[in-house]
Amino acid sequence: MKPLVSPQLVAKDSAKVAKYLKALDTYNSNPMNADFIIWLGRRMAYLGDYQKAIGIFTEGIAKFPDDARMYRHRGHRYITTRQLDLAITDLETSSALIKGKPDRMEPDGMPNALNIPVSSLHTNVYYHLGLAYYLKADWQNALTNFENCLQASTNDDMRVASLHWLYMILQRLDRADEANALLEPITFEMNIIENKAYHMLLLYYKGDLLDNDLDANTSGGSKEAVHYGIAHWHQYNDQLETAVAMYKYLMANGNWAGFGYIAAEAELSRL
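So for the sequence shown, our numbering puts the first residue at 826; every next one is plus one.
Because the hints were derived from the structure by calculation, they are not lab data. Here the structure is a predicted model, which means the values were calculated and not measured. One thing to keep in mind: the hints can contain errors.
[As the list claims (entries may be wrong)] The following label-pair restraints were derived from C-beta to C-beta distances:
| id | residue 1 | residue 2 | range |
| --- | --- | --- | --- |
| 1 | 1008 | 856 | 42 to 50 Å |
| 2 | 1073 | 962 | 16 to 24 Å |
| 3 | 979 | 850 | 29 to 37 Å |
| 4 | 933 | 961 | 25 to 33 Å |
| 5 | 1067 | 972 | 26 to 34 Å |
| 6 | 1073 | 876 | 21 to 29 Å |
| 7 | 887 | 1032 | 20 to 28 Å |
| 8 | 1094 | 1062 | 18 to 26 Å |
| 9 | 830 | 925 | 38 to 46 Å |
| 10 | 1074 | 889 | 36 to 44 Å |
| 11 | 972 | 1078 | 31 to 39 Å |
| 12 | 853 | 1000 | 47 to 55 Å |
| 13 | 933 | 858 | 14 to 22 Å |
| 14 | 972 | 891 | 20 to 28 Å |
Positions of the beta carbon are idealized from the N, C-alpha and C atoms, including for glycine.
Take these sequences, add in the hints, and give me the full structure.
Structure, rendered in structure tokens:
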């Protein structure tokens, strides 16, 4: 595994830096405000310093041990830094804290084109917990949590995100008929604001798109998700040589913080 080193900040990152400095000023105005702690940690993570972000959320947990959001955000960054057991512990704690409580949308730190948040506290907890189990090849626990994520989803963006991972998990469990049944409601007409990569991958699995169509329509961090999805399709369709070559390409050219990259890394470590 190559060293996990964030790129040097450059001029184009000035807006991220400004938002972090604003979050720092806000936090300093009242360090006992849970929202201020969360935003400081999130802004730090967006600058690429995930260890410092983890430290900020750890401070938040010490101050607000019953706030599920603190564990949810620290768990996310434990995934980024490949500390999967710690991520699972945090996200299981968060899952227990939200049980039986009303859900709420989470504000976006990096808004989509329409500036409409699509994920909630519950979907984010279950999504990241499912992902952490997935990366450890604990398919059953991954399945359970992505099913919970799907049940908590209230829009097509989160539905396709959940269904994408559920489809892959069922394929790995040799439950191809159930996996393919998940694709029946997937259409081009779905109302997708943010998770276009997952939507296109599901259409690809369904046979309605070619892999070239996915690459041509994908940019930014979602490229890692697309490359992993296609490579993984080759893996569970008994084309292991192609899958391995694609995983290695992703490792050589992708962003190491992307979930698709981390998943490819996990596959190669097992292979």
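Right, here's what the structure says about each hint:
1. 1008 x 856: 42 to 50 Å: 48 Å, holds
2. 1073 x 962: 16 to 24 Å: 19 Å Cβ-Cβ, so the 16 to 24 Å window holds.
3. 979 x 850: 29 to 37 Å: 34 Å, holds
4. 933 x 961: 25 to 33 Å: About 28 Å separates the Cβ atoms of residue 933 and residue 961, which means 25 to 33 Å holds.
5. 1067 x 972: 26 to 34 Å: 30 Å, holds
6. 1073 x 876: 21 to 29 Å: 27 Å, holds
7. 887 x 1032: 20 to 28 Å: The hint (20 to 28 Å, Cβ to Cβ) is violated, given that residue 887 and residue 1032 are roughly 51 Å apart.
8. 1094 x 1062: 18 to 26 Å: Distance hint for residue 1094, residue 1062 holds at roughly 21 Å.
9. 830 x 925: 38 to 46 Å: Holds, since residue 830 and residue 925 (Cβ atoms, about 42 Å apart) stay within the stated range.
10. 1074 x 889: 36 to 44 Å: 43 Å, holds
11. 972 x 1078: 31 to 39 Å: 33 Å, holds
12. 853 x 1000: 47 to 55 Å: Hint holds: Cβ distance 52 Å, inside 47 to 55 Å.
13. 933 x 858: 14 to 22 Å: 20 Å, holds
14. 972 x 891: 20 to 28 Å: 26 Å Cβ-Cβ, so the 20 to 28 Å window holds.
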